[in-house]
Amino acid sequence: MKNTLATVLFALLFLAFGQSCIEADDLVTPSVEAPVLLLLSGSQFQADAPVSVQTRVYTLDKTHILDHTRGIDSIPVAGLSLQVFLNPTTQIGTLETDAQGRGTFTSSWSALGLATPRAGTQVRLEFAGQHKGVNFRRYHTVRVQ
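FYI, the numbering for the sequence shown is -24 to -1, 1 to 121, going by mature numbering (1 follows the signal peptide of the UniProt record, and there is no 0).
In short, the hints are calculated from the structure, not lab data.
There could be a bad hint or two in this list.
Claimed, not checked - Computed beta-carbon distance windows for the label pairs: (1) 59 with 121: 50 to 56 angstroms; (2) -13 with 119: 26 to 32 angstroms; (3) 28 with 95: 17 to 23 angstroms; (4) 86 with 65: 15 to 21 angstroms.
Heads up, the beta-carbon is just placed ideally off N, CA and C, and yes, glycines get one too.
Taking the hints into account, I'd like the entire structure generated from these sequences.
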């Protein structure tokens, strides 16, 4: 009886370890680094004021990453078109960056789906674009003060 119990326990342990070593498929969405650094500012606005989110877009030159005297360069991305979405499918505006990589998205609260904005209400915006053939998307939340 002891030998049978030990054999069964050994077989179960062997099976458990064997099952834990199965290779998983690749991720459904491949992980790709963002082609640009997208900085967004402006998150709280009065209920009677327009929403105005400022963007700065940089590409990072990592050529001299190992040289402590030079480091990583932040190069402004000029002429980059960004689409602004209210949800993944509803586009509410676009903007284009200037020579310094800056742009501004301005909208009313009603265009963001808030007919009567109340203090504390939040809306999540999605800024999307494409640079060097790589799509990217960045989320930003604006709030009524």
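So the hint says 26 to 32 angstroms: do the beta-carbon atoms of residue -13 and residue 119 match that? violated (54 angstroms)
Note whether the CB distance of residue 59 and residue 121 lies within 50 to 56 angstroms or breaks it. At 26 angstroms between Cβs, range violated.
Lying within 15 to 21 angstroms: is that true of the beta-carbon distance residue 86 to residue 65? 19 angstroms Cβ-Cβ, so the 15 to 21 angstroms window holds.
For the range 17 to 23 angstroms, tell me whether the beta carbons of residue 28 and residue 95 fit it or not. holds (18 angstroms)
Hint compliance for this structure: hints 1 and 2 are broken, all remaining hints hold.
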